[in-house]
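**Q** Next come the chains, spelled out residue by residue.
2 protein chains.
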Amino acid sequence: MISYEEALDLINKEFGKINLATEDVELTESLNRIIAEDVFADVDLPPFDNSAMDGYAIKFNPERSRNIIGEVSAGNFKEYIVGENDAVGITTGSKIPEGSDTVIPVEDVSIENDILLFNDNAKLKKGINVRLKGSDLLKGSITVNKFTMINPSVIATLASCGKDKVKVFRKLKAGILATGDELIPVSEKPSHDKIRASNNYALHAAFQSINQEPVSYGFLNDDRNAIAEKVKTILDSDIDIFVTTGGVSVGKYDFLKEVFEESGVKKIFWKINIKPGMPFYFGVYQTTDKPVLAFGLPGNPVSALVNFYIFIEPAIRKLLNQKEKEVYKATLQDDIRKKDGKKHFSRGTIYNGTDGWEVKSHSSQSSGNYYELGNANCLIITEAEIRNPKKGDVVKCILI
Amino acid sequence: MISYEEALDLINKEFGKINLATEDVELTESLNRIIAEDVFADVDLPPFDNSAMDGYAIKFNPERSRNIIGEVSAGNFKEYIVGENDAVGITTGSKIPEGSDTVIPVEDVSIENDILLFNDNAKLKKGINVRLKGSDLLKGSITVNKFTMINPSVIATLASCGKDKVKVFRKLKAGILATGDELIPVSEKPSHDKIRASNNYALHAAFQSINQEPVSYGFLNDDRNAIAEKVKTILDSDIDIFVTTGGVSVGKYDFLKEVFEESGVKKIFWKINIKPGMPFYFGVYQTTDKPVLAFGLPGNPVSALVNFYIFIEPAIRKLLNQKEKEVYKATLQDDIRKKDGKKHFSRGTIYNGTDGWEVKSHSSQSSGNYYELGNANCLIITEAEIRNPKKGDVVKCILI
Chain R
1 MISYEEALDL
11 INKEFGKINL
21 ATEDVELTES
31 LNRIIAEDVF
41 ADVDLPPFDN
51 SAMDGYAIKF
61 NPERSRNIIG
71 EVSAGNFKEY
81 IVGENDAVGI
91 TTGSKIPEGS
101 DTVIPVEDVS
111 IENDILLFND
121 NAKLKKGINV
131 RLKGSDLLKG
141 SITVNKFTMI
151 NPSVIATLAS
161 CGKDKVKVFR
171 KLKAGILATG
181 DELIPVSEKP
191 SHDKIRASNN
201 YALHAAFQSI
211 NQEPVSYGFL
221 NDDRNAIAEK
231 VKTILDSDID
241 IFVTTGGVSV
251 GKYDFLKEVF
261 EESGVKKIFW
271 KINIKPGMPF
281 YFGVYQTTDK
291 PVLAFGLPGN
301 PVSALVNFYI
311 FIEPAIRKLL
321 NQKEKEVYKA
331 TLQDDIRKKD
341 GKKHFSRGTI
351 YNGTDGWEVK
361 SHSSQSSGNY
371 YELGNANCLI
381 ITEAEIRNPK
391 KGDVVKCILI
Chain E
1 MISYEEALDL
11 INKEFGKINL
21 ATEDVELTES
31 LNRIIAEDVF
41 ADVDLPPFDN
51 SAMDGYAIKF
61 NPERSRNIIG
71 EVSAGNFKEY
81 IVGENDAVGI
91 TTGSKIPEGS
101 DTVIPVEDVS
111 IENDILLFND
121 NAKLKKGINV
131 RLKGSDLLKG
141 SITVNKFTMI
151 NPSVIATLAS
161 CGKDKVKVFR
171 KLKAGILATG
181 DELIPVSEKP
191 SHDKIRASNN
201 YALHAAFQSI
211 NQEPVSYGFL
221 NDDRNAIAEK
231 VKTILDSDID
241 IFVTTGGVSV
251 GKYDFLKEVF
261 EESGVKKIFW
271 KINIKPGMPF
281 YFGVYQTTDK
291 PVLAFGLPGN
301 PVSALVNFYI
311 FIEPAIRKLL
321 NQKEKEVYKA
331 TLQDDIRKKD
341 GKKHFSRGTI
351 YNGTDGWEVK
361 SHSSQSSGNY
371 YELGNANCLI
381 ITEAEIRNPK
391 KGDVVKCILI
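Note that the protein sequences, when read in sequence, are chains R and E. So that you can map any letter, position 267 of the first sequence is 267 in this note's numbering, and since no number is skipped, the others follow by simple counting. So that you can map any letter, position 387 of the second sequence is 387 in this note's numbering, and since no number is skipped, the others follow by simple counting.
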């Protein structure tokens, strides 16, 4: 059985072969997308010397009074030539009139008989409260780097560079199919030995949560021919990733890995030394123009979702050149039972304690217990070689 | 001038008067929405005693061999009565046959002449590898609490409770209008003393980022009559929040607060002892059936967005009963110049250092510099009474 790290390396390697396409989207629709071009300033930012305050523009000298010769406001510039004894009223963001180099804030002055007087505590220093042209960024320099995730302030920057449309990476398309004789539709009430099919909903949301494009194919019961036919159809559609749940363990009905291979998927590995989510199948289907990465996840709802968080999400982040998720070091608030040599990803609740981050491990850790997963906000990572982490140990956590 | 805390209290108080409406959405469209009902389990979870492993279901006794009398798999239950000497092959998730109480994993057994033999190292303990009916949750108990933000694992839980539709809080509708004579459309190239109108794009994205519904009204130049007419129309539309930028300082063209009041907005406060974002106007417009909260933000792109992060986002979180954003304590990597008695929210970059969180303050902190804001991932909070925090000081940060 391969290790978590080996499995992730193999997955990353195949993701690296995906050809990232791009598309142009409206700036108002670009939030959380990954930009696919370097964006350059087409003007200096700010585009002109301007005032950082409401006040008076002056030519610096030690005198503490001036004659007011006019006023300018943002977007209403008038030409003045400011001499040694002059001041021009100015509002925040207004262009600085010729001759002036300094702005005295309105709070620091008084006016008597049309003469501007600086208060005793007014700070008088050449250049204060003036934002120089190009001081944020010079024309021609990069304002937003390729692979930046677009957030509200990046959008402000893009707007200031004239980008009302922006080139972003196309979302990866992920087909999702759940399998299992035990599954019934969510709208039905389970009886006997049936459970509602929740995995396709959870994985659909998981791909949405990282801003990719899920396509749900619902679920199929364990009819090998029907599954084989569906799998082939999905593999030949326009998806980049194909995720199935169920049918990858060692039971009689666990034929999904065989179906994958009969459909032309080349197996990369099966089974990883982790818990939960050990019976994980990964293969690649090569169409004429692109690879489809095929993930056979376990049918357990928690296992499937944990596998998504620890393999698929990190691999997509890496493909899109995003930083790895932060690892939080937190003090464990209870013992964790871990007797085996697998790497564990246990559900926990992390919070800001009095003395740094603290994390509570959830009690059951049953891989069927999605109620508990729903209440978790992190996965606690325990390395394969560690046994039974104790209350007070510092453990690594990633937020989910 | 009121303090940050006083201002936020007053804003929270008015948000508290908003009547939160609800709507039903498809489960597949519910990600990141806030659930508006307690959801109860309509069946026990799991709905039946089932196996946690692929293996053999037995009735516990110290004997280390059994006769295999049949097999069951998930969704393919058959009735067996398991006696002291019997075993039934079972797959993960399958219902446990009558009489059995324990599952021995397939890895721990061998079969010789149809006789099941437990390996020497097989753990034999009553009840192992059986997930009891209702052990995750009993029928009738709450599975998802009202006000939970819906994430992928909550979606799995909702699916397992039969919710293919779910009641969530309606998104708040936020009108956005930028004002200023200096503004030109993003598609034009600025010359003279003009700048591109970026605030409406940034605030639009900011409301999207917290999953509310922005409505952009673009921008208007400083024509008082035109602005007054537009403001009145927007206030009387179906919005909950109205955000303007520009026109709230003390200059000649800063008439927006007067326009608000002439339109029937009742002023709650103007100006807060903070930096950036001091000239902040807040008022309430009472229509026949609901309040509209009116925010007059400064025209500076950074100030407007910082005001959003420190007032509007926290108030909406509180209204929706969400936890406050985590405050990270981080070691400052450079000095911050802060000579005044305002509470500062400086842009910074926080990262996981060798010895806990570390944060770099950005150099210019100019409130026009959105390029710098785009590269920041946090705001460093410096309390009003603190002066010049130094490299090595532990400071409070919130992620943006």
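Think of the hints as simulated: they come from the structure by calculation, not from any bench. By construction, the Cβ of each residue, glycine as well, lies at the ideal position given by its N, Cα and C atoms. Don't take each hint at face value.
Claimed, not checked - Listed below are several chain R residues computed to face chain E (Cβ distance under 8 Å; list not exhaustive):
no. : residue
1   : Val-25
2   : Phe-77
3   : Glu-79
4   : Tyr-80
5   : Ile-81
6   : Lys-95
7   : Val-144
8   : Ser-160
9   : Gly-180
10  : Tyr-201
11  : Gln-208
12  : Pro-291
13  : Asn-300
14  : Glu-326
15  : Asn-352
**Q** Now, for every hint given, state plainly whether the structure supports it.
**A** Hint-by-hint comparison with the structure:
no.	hint	in the structure
1	Val-25	violated (12 Å)
2	Phe-77	holds (4 Å)
3	Glu-79	violated (11 Å)
4	Tyr-80	violated (13 Å)
5	Ile-81	violated (16 Å)
6	Lys-95	holds (4 Å)
7	Val-144	holds (7 Å)
8	Ser-160	holds (5 Å)
9	Gly-180	holds (6 Å)
10	Tyr-201	holds (4 Å)
11	Gln-208	holds (5 Å)
12	Pro-291	violated (25 Å)
13	Asn-300	holds (7 Å)
14	Glu-326	holds (5 Å)
15	Asn-352	holds (5 Å)
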